[in-house]
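There are 2 protein chains.
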Amino acid sequence: MTTGTSTPSGVSGSATAASVAARAPDVVAALGGALPPGRVVTDPDVLASYAHDEAEWAENVLPVAVVRPRAAEEVQAVVRTCIEHRTPVVPRGAGTGLSGGANASAGCVVVSMEAMDAVLEVDELERFAVVQPGVVNDDLRAHVARHGLWYPPDPASSPWSTIGGNVATNAGGVCCVKYGVTGDYVLGLQVVTGTGELVRLGRRTAKGVAGYDLTGLMVGSEGTLGIVTEVTVKLRPLRDPERTVAGYFDSVVAAGEAVTAVAAAGLTPSALELVDRHCLAAVDAWKNMGLSDDAEVVLLGRVDTPGAAGDAEAERMLAAFEGAGASWAAVSTDAEEADALFAARRLAYPALERLGPVLTEDVCVPKAAVPAMLARIEQIGAAHDIVIANIAHAGDGNLHPLLITPPGDEAARDRAQLAFHEIIAGALELGGTVTGEHGIGLLKRDGLVAEIPPAVLAMHHAIKEALDPHGILNPGKVVAARRR
Amino acid sequence: MTTGTSTPSGVSGSATAASVAARAPDVVAALGGALPPGRVVTDPDVLASYAHDEAEWAENVLPVAVVRPRAAEEVQAVVRTCIEHRTPVVPRGAGTGLSGGANASAGCVVVSMEAMDAVLEVDELERFAVVQPGVVNDDLRAHVARHGLWYPPDPASSPWSTIGGNVATNAGGVCCVKYGVTGDYVLGLQVVTGTGELVRLGRRTAKGVAGYDLTGLMVGSEGTLGIVTEVTVKLRPLRDPERTVAGYFDSVVAAGEAVTAVAAAGLTPSALELVDRHCLAAVDAWKNMGLSDDAEVVLLGRVDTPGAAGDAEAERMLAAFEGAGASWAAVSTDAEEADALFAARRLAYPALERLGPVLTEDVCVPKAAVPAMLARIEQIGAAHDIVIANIAHAGDGNLHPLLITPPGDEAARDRAQLAFHEIIAGALELGGTVTGEHGIGLLKRDGLVAEIPPAVLAMHHAIKEALDPHGILNPGKVVAARRR
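Line by line, the protein sequences are chains A and B. For the first sequence, the UniProt record's numbering gives the first residue as 1, with consecutive numbering after it. For the second sequence, the UniProt record's numbering gives the first residue as 1, with consecutive numbering after it.
Fair warning: there could be bad hints in the mix.
One copy or any two copies: either way a pair holds, since identical chains are not told apart in the list.
Stated by the list, open to error - Subject to a maximum C-alpha distance of 20 Å in a straight line, what follows is the list of computed SDA-like cross-link-like pairs (lysine to any residue):
#, residue 1, residue 2
1, 234, 179
2, 178, 288
3, 234, 265
4, 234, 264
5, 234, 266
6, 234, 379
Hints listed in this document are in silico derivations from the structure and should not be mistaken for laboratory results.
Chain A extracted, bound-state conformation (with noise of 0.2 Å):
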């Protein structure tokens, strides 16, 4: 048992870092009597590995113990031992988050859902499926597909990220530009709250509005507000194929021109993806996919609507993107080719964290201001003599800077840092949000607090004061805590 040997740093909510780490070891006992054997782990190698999601760039520490429930009940004794022992407790789905929400915070428990992963029940009539929180995306979607019915939401790491990570993030996605994110497909979750109770928010009906809509505000809250033990999600039915547009622009800026003249087209593509050249020679570098060698940039268009009208669509897509200037266009007739570009666009992430340390931008800006915001990237990069790649769920205006730095190279990190803030308060200047669906975890809190009020920002205390009275679900995390 260990409790860590990292700096303490990030403790907040009502707990000091000095007091937690010094009733670790009771709370790790307290644990152990708690729960069915097997389910609390301290071994210290095994500790580093829960100590951070993706974003380790943001403050991270050991936790005192990772524990793996495997039902409710089970996180319920968690969250009540925690209590009594003023522990603050740190939810994990994947670990695939992009902000830090997951990080392990001084002597946190890390409560990791992975090892409750059944899919309940799928209600075909009802179009809704039951799921425990650590099923993984890709295995919900593939699941609720042999009964016809689809599941949307689908972030790049779908094949990776687990439905109760989405829920705490309200994920997004590829085809979000027309179908909405995590949140619009949530009807009901059963989750342990900040008291220690096991409850049900939401409805397993179409519609209904008895009392606050504590569902939605779970969704998003990173685990700050109670920590999600299983999610209701609303299905559609299966759709039809989708026709792919492909573009290849000179410049990211041309590409983010032909963003705003699909949407002045009056067009609802279910997928409008932006990858740049680092992207793409990154995924060749990996995969030898043979994609780099044409295009600065790419831009991948999907069109669902069945039949003519749909094959309409695709044509004025096209025309769009040729009226913005691209190099090269064309509505592809080849499945596999396409598919395989939209492969190197999830691929992306991964292909250029291999490179070296990546940090990860994830603002959103009116569909309008696509060129604008892409433009002042690329000034900024140059500014600070920082590589940045660019991919981008480009529909939506949810842009995603990649900031790479040479391994150990501290003042390329310094810079990058600088050139993270800036692009943040140019989004803001543009009408923009600091995250689009990554969440604020620990890397946006301060973006968080350029975009919102001082008397909004009240309103996120108020209600995390609460709902989490002592302070132990994620504290930190969404909100750095109040000094009262």
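Assemble chain B onto chain A, guided by the hints.
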């Protein structure tokens, strides 16, 4: 100036009835001083017309004043004045609510948003509109249609009800079965908070997860957490014309079976409404439309999928109607006739109200439970000797049994109240909710307590107290005051 002659009741929050009434002249004078001339009304006849919404069965009294602000800052001045005087503020749109959410409580000030009725902005490219809360639902739809855009949520009250009231109740409507409810279209809000701050929540971008979803929390909170002074609504492109499928059935249960059959066939209608003979007869008696001779129940389905796919869906809906035993069914080839049937559905409620006091139910059950719930409603009506008319957003499982009593028949009113509670209990037994779209207000407070466990009710109280620390925002609605 008057403080009302009815028996004070329904007062809650931190102010008692006696203490509030005693301060009434003070607060009226203070409001007069804080606002431009003409905003504060104390004429007793006017006060009487603002004592309640359409839920006159629920407790209500005369307010001490009605304020008609013309700007957000004036609403803020009202709230600040009412905080100082510990006076309840009851916000009100058009007063078409059916649960008593806008009913005046003892000593309260009613804030009517009817004069704040401007459409401030329509952005065609980003597909949103910014409106003041007093804009009438149908007026918004007509306004944005001129920009080629569509605002879907269409409660039956759409010719009269306002967007602010729709937001406060998270109103549903006819097309929600395919397109979702009001909350699905609210991108951002400007609100006056319980501490008298004027703040913006939400965003203008397609996506955004910066902080807790306070916008979603405000939607459906019936003015108990904040007063909406501006709404940014998401819009869609105008859609293709709909096909109408009409079916006549010999019983509501048979029509309910057709509803389940439509869901089982995997169809997503753009409307699926049920109207029974009582409603058709009442509309005929008012508007002489000649509708009520042919059927015990009419089911009205619509499909808006374009092209051949839509034609095929209409035929499948027709087959579902016929398979469930329709005495007559057809895909309408006469747009005027189809529109007349939908107009009758919209007029059903006011037509019935002409005949005597109507107690409106709003339960929502799983689609598979629609026939069972309709049968249960028939049994309850028979057992209590109450005429129960039925209109329903049947495709959502959202039923509106309308309990009709002869004017002045107090015994019948008492029996109707019993039937009302039995219908609620029946819906909960079948896995439903006590309110699909009308809200809790006053009429469904007991229903809410029956639907959610004490721990979830406690979460409601915690949030209410966190965001309305002075207990002045529409106190006693949604949740009764907590004894502390």
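*Give me the numbers of the hints this structure contradicts, sorted from smallest to largest.*
2 and 6
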